[in-house]
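Chemist: 1 is the number of the first residue of the sequence shown in the numbering used here; add one for each residue after it.
Because the hints were derived from the structure by calculation, they are not lab data. Here the structure is a predicted model, which is why all the values come from computation and not from measurement. Just so you know, not all the hints are guaranteed correct.
[What the hints assert, rightly or not] Here are the computed lysine-lysine pairs in the PhoX-like style, where the Cα-Cα straight-line distance is at most 20 angstroms: (1) K23 / K3; (2) K37 / K75; (3) K18 / K3; (4) K37 / K78.
[As the list claims (entries may be wrong)] What follows is a set of in silico ranges between Cβ atoms, one per label pair, in the way DEER data are often shown: (5) V42 / Q12: 20 to 26 angstroms; (6) E8 / R80: 23 to 29 angstroms; (7) D26 / G82: 22 to 28 angstroms; (8) K83 / A24: 24 to 30 angstroms; (9) T65 / A20: 52 to 58 angstroms; (10) E54 / L25: 26 to 32 angstroms; (11) E57 / K23: 51 to 57 angstroms; (12) K23 / G60: 37 to 43 angstroms; (13) G66 / G39: 35 to 41 angstroms; (14) K86 / G39: 47 to 53 angstroms; (15) A88 / E54: 26 to 32 angstroms.
We put the beta carbon where it would ideally sit given N, CA and C, even for glycine.
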Amino acid sequence: MNKSELIEAIAQEAGISKSAAQKALDATTNAVTNALKNGDTVTLVGFGTFYVGERAERQGRNPKTGEPLTIAAAKTPKFRAGKALKDAL
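Between the sequences and the hints, there should be enough to build the whole structure, so can you do that?
Modeler: Structure representation (structure tokens):
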């Protein structure tokens, strides 16, 4: 399912226009993004939790030359599915 299909599904389920569904989806994704930027977690009970994961600095290799290189530490967005979502699958 891509973004336009999701917007259409939201519009049908909620009984609203596609433009209103797009605004709602955009507002939701922006709110989740801003919360993660601030280091918060976003928990939707029954659906799951969005949180920021930490990746430590590590050693890697340049695939072309084989030289060792250091891969910097990074923060990554992660998602942990909730019980209701797991049970639905």
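Chemist: So, against the hints stated earlier in the document, which numbers end up violated here?
Modeler: When the structure is compared with the hints, numbers 11 and 14 turn out to be violated.
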